[in-house]
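First to last, the sequence lines map onto chains F and E. The first sequence begins at 1 in the working numbering and counts up one residue at a time. The second sequence begins at 1 in the working numbering and counts up one residue at a time.
It should be emphasised that the hints constitute simulated quantities derived from the structure, not laboratory data. A portion of the hints provided could be inaccurate.
[What the hints assert, rightly or not] A few chain E positions that, by computed beta-carbon distances, are all more than 12 angstroms from chain F:
#, residue
1, Arg17
2, Pro40
3, Thr45
4, Gly60
5, Phe62
6, Val78
7, Pro79
8, Arg93
9, Ile102
10, Thr108
11, Ser112
[Unchecked claim] Listed next, the in silico PhoX-like pairs over lysine-lysine satisfying Cα-Cα at most 20 angstroms (straight line):
#, chain 1, residue 1, chain 2, residue 2
12, F, Lys20, F, Lys55
13, E, Lys56, F, Lys41
14, E, Lys56, E, Lys37
15, F, Lys41, E, Lys5
16, F, Lys66, F, Lys55
17, E, Lys37, F, Lys41
18, F, Lys64, F, Lys20
Predicted model only: the values in this text are computed from it and were never measured. Positions of the beta carbon are idealized from the N, C-alpha and C atoms, including for glycine.
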Amino acid sequence: GAVVSQHPSWVICKSGTSVKIECRSLDFQATTMFWYRQFPKQSLMLMATSNEGSKATYEQGVEKDKFLINHASLTLSTLTVTSAHPEDSSFYICSAIQWGTEAFFGQGTRLTVV
Amino acid sequence: DQQVKQNSPSLSVQEGRISILNCDYTNSMFDYFLWYKKYPAEGPTFLISISSIKDKNEDGRFTVFLNKSAKHLSLHIVPSQPGDSAVYFCAARGNQAGTALIFGKGTTLSVSS
Numbered sequence: 001g002a003v004v005s006q007h008p009s010w011v012i013c014k015s016g017t018s019v020k021i022e023c024r025s026l027d028f029q030a031t032t033m034f035w036y037r038q039f040p041k042q043s044l045m046l047m048a049t050s051n052e053g054s055k056a057t058y059e060q061g062v063e064k065d066k067f068l069i070n071h072a073s074l075t076l077s078t079l080t081v082t083s084a085h086p087e088d089s090s091f092y093i094c095s096a097i098q099w100g101t102e103a104f105f106g107q108g109t110r111l112t113v114v
Numbered sequence: 001d002q003q004v005k006q007n008s009p010s011l012s013v014q015e016g017r018i019s020i021l022n023c024d025y026t027n028s029m030f031d032y033f034l035w036y037k038k039y040p041a042e043g044p045t046f047l048i049s050i051s052s053i054k055d056k057n058e059d060g061r062f063t064v065f066l067n068k069s070a071k072h073l074s075l076h077i078v079p080s081q082p083g084d085s086a087v088y089f090c091a092a093r094g095n096q097a098g099t100a101l102i103f104g105k106g107t108t109l110s111v112s113s
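With the sequences and hints as input, model every part of the structure.
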């Protein structure tokens, strides 16, 4: 299947700092990328939908100024958690799709804010 | 309001027997359904999918059944193997290209040898 690479896989940051997570589709051009968040023993919750060259669409309850998404190319989307707080600690996962196919997921990023 | 529901948080099965994981959905606009397998601290791995125009799709040991009238789908794994132990997520999406997957809460499958 297609490969989606997410980096970093684990990051610890101080409260108040910003963290950038990258999501790359390695062997295909992704028309759309999605960002999910998963809390322990919970489902993957969709945060936002990102189309190349346009503004991301955020789900209700997700602060767009806090979770900045940039989708500058068909192979790269970034999620920046700004002014991170301990409650932002979670597992963040990106996924990418080509036109009409199933979604492929990155390996996820474990964010711990201390 | 949860659009995709997996009501069983866990399932334990003996090696060699059949594992049946269930999923219900509420949104009649969903027309494509997928099952993902996930290990802790990793991204989900695609297992099998089914379009709403079918009622069954089979791939090796994995078979997905779809009952549109009941808005219910199930994943059958037979024979189950210890390596199948993981969290299984049911996901669904609408018929518009580029729509996101909506996930259930997952079912933790434990296969004992």
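Evaluation of the provided hints:
1. Here Arg17 of chain E stays apart from chain F, with its beta-carbon at least about 26 angstroms from theirs, past the 12 angstroms limit.
2. Not every CB of chain F is more than 12 angstroms from the CB of Pro40 of chain E (nearest about 9 angstroms), against its label as outside the interface.
3. Separation of Thr45 of chain E from chain F is inadequate, the least Cβ-Cβ distance of about 7 angstroms not exceeding the 12 angstroms criterion.
4. No Cβ of chain F approaches the Cβ of Gly60 of chain E within 12 angstroms, the least distance being about 15 angstroms, so the stated non-interface status holds.
5. Every CB of chain F is more than 12 angstroms from the CB of Phe62 of chain E (nearest about 14 angstroms), matching its label as outside the interface.
6. Non-interface call for Val78 of chain E relative to chain F: holds, since the shortest CB-CB distance, roughly 23 angstroms, exceeds 12 angstroms.
7. With a cut of 12 angstroms on Cβ distances, Pro79 of chain E stays outside the contact zone with chain F, its closest approach being about 24 angstroms.
8. Against the 12 angstroms criterion, Arg93 of chain E falls within the reach of chain F, whose nearest CB is about 8 angstroms from its own CB.
9. The beta carbon of Ile102 of chain E is not kept farther than 12 angstroms from every beta carbon of chain F, the shortest such distance being approximately 7 angstroms.
10. The Cβ of Thr108 of chain E does not lie farther than 12 angstroms from every Cβ of chain F; its closest approach is about 9 angstroms, which violates its non-interface assignment.
11. Distance to chain F confirms Ser112 of chain E as a non-interface residue, since its nearest Cβ pair spans about 21 angstroms, more than 12 angstroms.
12. Using a Cα cut-off of 20 angstroms, the hinted pair Lys20 of chain F and Lys55 of chain F holds, with the two alpha carbons roughly 17 angstroms apart.
13. Note on Lys56 of chain E and Lys41 of chain F: the hinted pairing is violated, with a Cα-Cα distance of about 29 angstroms set against a maximum of 20 angstroms.
14. Note on Lys56 of chain E and Lys37 of chain E: the hinted pairing holds, with a Cα-Cα distance of about 19 angstroms set against a maximum of 20 angstroms.
15. Using a Cα cut-off of 20 angstroms, the hinted pair Lys41 of chain F and Lys5 of chain E holds, with the two alpha carbons roughly 14 angstroms apart.
16. Restraint check for Lys66 of chain F and Lys55 of chain F: satisfied, since their Cα atoms lie roughly 14 angstroms apart, inside the 20 angstroms limit.
17. Under the criterion of a C-alpha separation no larger than 20 angstroms, the hint pairing Lys37 of chain E with Lys41 of chain F is consistent with the structure, at around 14 angstroms.
18. Of the supplied pair hints, the one linking Lys64 of chain F and Lys20 of chain F holds, its CA atoms being roughly 14 angstroms apart against a limit of 20 angstroms.
Violation of the numbered hints given earlier is confined to hints 2, 3, 8, 9, 10, 13; the remaining hints are satisfied by the structure.
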